[in-house]
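A.B. asks: Heads up: the protein sequence lines correspond to chains B and E, in order.
Each residue of the first sequence is one higher than the one before, starting from 1 at the first, in my numbering.
Each residue of the second sequence is one higher than the one before, starting from 1001 at the first, in my numbering.
There may be inaccurate statements among the hints.
Unchecked claim - Covered stretches of chain E (chain B as the covering partner; in silico rule of three or more C-beta atoms under 8 Å from a C-beta of chain B):
#	segment
1	1100–1108
2	1251–1265
3	1312–1326
4	1384–1395
5	1400–1410
6	1421–1430
7	1442–1456
Keep in mind the hints are simulated off the structure, nothing from the lab.
These figures come from a predicted structure and were not determined experimentally.
From the three backbone atoms N, C-alpha and C, an ideal C-beta is built for every residue, glycine too.
Number of protein chains: 2
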Amino acid sequence: MNAVVREPDAAVAAAAAAARTWAELPLPERAHALETVADALEAERADLVALANAETHLDAPRLNGELTRTAFQLRLFAEEVRAGAFLDVRIDRADPQWPTGPRPELRRYRTALGPVLVFAASNFPFAFSVAGGDTASAWAAGCPVIVKAHPGHPELSRRTAGIIHAALAKSGAPDGVFALIEGVQAGIDALRHPALKAAAFTGSERAGLALARIAADRPRPIPFYGELGSVNPVVVTPAAARTRSQEIAQGYAASLTLGAGQFCTNPGLLFLPADAPLVDDIARLLGETPPAPMLGPWISEAYVDGARRLADLPGTHRLVWPDDDSAPSPRLLTTDLPTFAATLAPMAQECFGPLGLAVTYDDLQDLPAVLAALPGQLTTTLHGEPTEAEQLTSLTATLAERSGRVLWNAWPTGVSVTPAMQHGGPHPATTAPTTTSVGTAALTRFLRPITYQSYPEALLPPALREGNPWGVPRTVDG
Amino acid sequence: MNAVVREPDAAVAAAAAAARTWAELPLPERAHALETVADALEAERADLVALANAETHLDAPRLNGELTRTAFQLRLFAEEVRAGAFLDVRIDRADPQWPTGPRPELRRYRTALGPVLVFAASNFPFAFSVAGGDTASAWAAGCPVIVKAHPGHPELSRRTAGIIHAALAKSGAPDGVFALIEGVQAGIDALRHPALKAAAFTGSERAGLALARIAADRPRPIPFYGELGSVNPVVVTPAAARTRSQEIAQGYAASLTLGAGQFCTNPGLLFLPADAPLVDDIARLLGETPPAPMLGPWISEAYVDGARRLADLPGTHRLVWPDDDSAPSPRLLTTDLPTFAATLAPMAQECFGPLGLAVTYDDLQDLPAVLAALPGQLTTTLHGEPTEAEQLTSLTATLAERSGRVLWNAWPTGVSVTPAMQHGGPHPATTAPTTTSVGTAALTRFLRPITYQSYPEALLPPALREGNPWGVPRTVDG
């Protein structure tokens, strides 16, 4: 342990001590702190990318892009902070004529929840790790952050933490606004700390559900925002398979193998017509795709185990399978819709890596009932032809009911960081289906509303004062 | 059982079958359905108030006011539905120059979660019961509602349900948008039903935590919005006690005994200076207040038991106590701040009814540390003098951190239904501190965001179509 890595109790206690100061900081100062971190990360780009490459085996172009994304999202959240719309300020003037009786003066906004614990992910060593989206959005909301480092990139995590500490100190942020902790037990201890107010997690369903349980079992339960992965079903209509077989095969194979398949939006499940050559086109392309190094042996072993488990299920067939059964190569399994429907739970289980399960159907009309039985997904995708759009209304509604993002003639990997992005979905895609973990709306996870009734100007938070000194958008009398 | 009361399985199944139709209904039609229910309830006002009076012992003026409030909040949510701002529509145009890589077209809004189970409360037989705020806000969000009736007013619940069924049928809403179920086991069965998507509850901490646990233990956990009550601490500064002793005493006694103390915002905990006559003024007024009939014997027995438990704690003194120990009369206990701090958990436990615990302090500076240790509260209140406002900044911040609503020189009973109302707070005041159960923001509990990526116009929900046929507010490109 050194100054960068802290003990969980000390980290949460320091965060609690800093919470009020950080939450009350004028918005431009909080925004400036986020931008200072973004600048500092980019200033160390070469070092950080080299470290990340050594620890994760992801290539430099990808890591450079991811660092750009990480700095960008810090700056995007800084803009959100400056704009102040996230405070959702509502002012109701006193109204003696209000229909339910005299209405007092009410001034409401959203304030920071308090210390937030972030469990870093392995597969995005920048964008979903120490300085990633959960950290940026919690800071933007005005919450101190404790990050539990992912063991897959320990040196990068420490280096990032050191840069953050220096940048925050430079920007004048109070000590305690950030801390890095390491180890499974440290994460659990921090999650159980009475001063912790929320936690965010990106990772496996098993780990996420276990942590969600710990959060719910506290004497005072706290919100737990877990993004637990998904098999991201893709449906190809007969017309699309007929018209664009090559294009769809190429798109699918590219999306499935991007980043060695190590994305939570990886399209692991594909529904396609039984009589189409599409599945063979995909098989040919995947067969030609060389194995890419995965994040580490623990990931590739889990991938190979998961692939074997799926391949051993009665009714699945190995269409693409490496000669070396233990290689992290792309794999394609097939089955038919009745078999899939009868074995849905194990067949719809995520296998993290470049494995696709192609489910062939005879009649598109049989799909909705099966799709409706799927667990919640981050994304669902429909490949169809514009001419048949009107026959796809009900199928689209079914896909929308199962996920947080529905795509048309596109691929789910690649999650843009924008105001309209939604990265979430029904359980178990996330543990909190009313929220998103990517995009500007992510910061609302870490806010709670509070109303000041008949309070004197001098004691109101600036955003609620009559003169609106922070110049934030406000809704007055509805 | 009759047509009005349904079996839980059938009720949730019917709700699930109606969910898509109800969620997709044009906003004016959904709003009209809510208004039709409001009109129907008011048309039966005399009958309903008489029934409620017989079952709850609340008086007719109060019940008339509550029915007015209930109809008003249905109409207020109807207005929210028509305005469409709750959909939070965000459209990001495709942008090939987006800093993190080409951005696809993204269209995001908030859609209905699906079937919602509402556990009715006993103490508001209209406003927090069958046609109450949780029902109205879930309907407004586009969710079908199953209400588990409170056994405290069974006939009123059935009569209300009958009126709702007729009104919804008249408005053209699909069958399944509403059902009434009865009995503890029916509530649990419905809560465990796989098609249920969320639940809302107003009631005791014990019952609420047990139900929250059932929701969390489902194979697919669902959001559980529990409003579990509170002791609503009130702090009186030395200057206020000196200047306005009579006024504060009258205000406190009136708020504590309003509705026989049967409000979740009842100010059960009062901090006041040790050397002030205020406590004697309050004692005199409470001693003169006759007992009011409570909702039923189960409530008055729990009140009397809880009062005895508090009075038997070492260090509390009975300042106002009825000669008949089993009468539901107002009671006032006192203790001092060090004793309270040392016995905080049992002393801060809610005793539902007209019981106040007055905690005397020697120095206002000693309060924040004790207040910070309190469990989460629905409200906190500060009585002070304008001249001392600047010395109360830190105390105000502490009070704000413990609750969802902070009041200045006012009383917490009486929760106005408005855009800026917040009825919630840190655990255990509610199980979901990021939400409110009163006011127009309550409907966001029952919505989840979804993004349509690159979807063709014909398959988009109307609110997301390019031409904006529903005319809802939209944010384009941030």
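A.B. asks: Does each hint fit the structure? Answer for all of them.
C.D. replies: Checked hints:
1. 1100–1108: Per the Cβ count (7), the hint holds.
2. 1251–1265: violated (count 0)
3. 1312–1326: violated (count 0)
4. 1384–1395: With 5 residues closer than 8 Å to chain B, the segment 1384–1395 of chain E meets the three-residue bar; holds.
5. 1400–1410: holds (count 10)
6. 1421–1430: It holds: at least three residues are needed, and the segment 1421–1430 of chain E offers 6 whose Cβ sits within less than 8 Å of chain B.
7. 1442–1456: holds (count 12)
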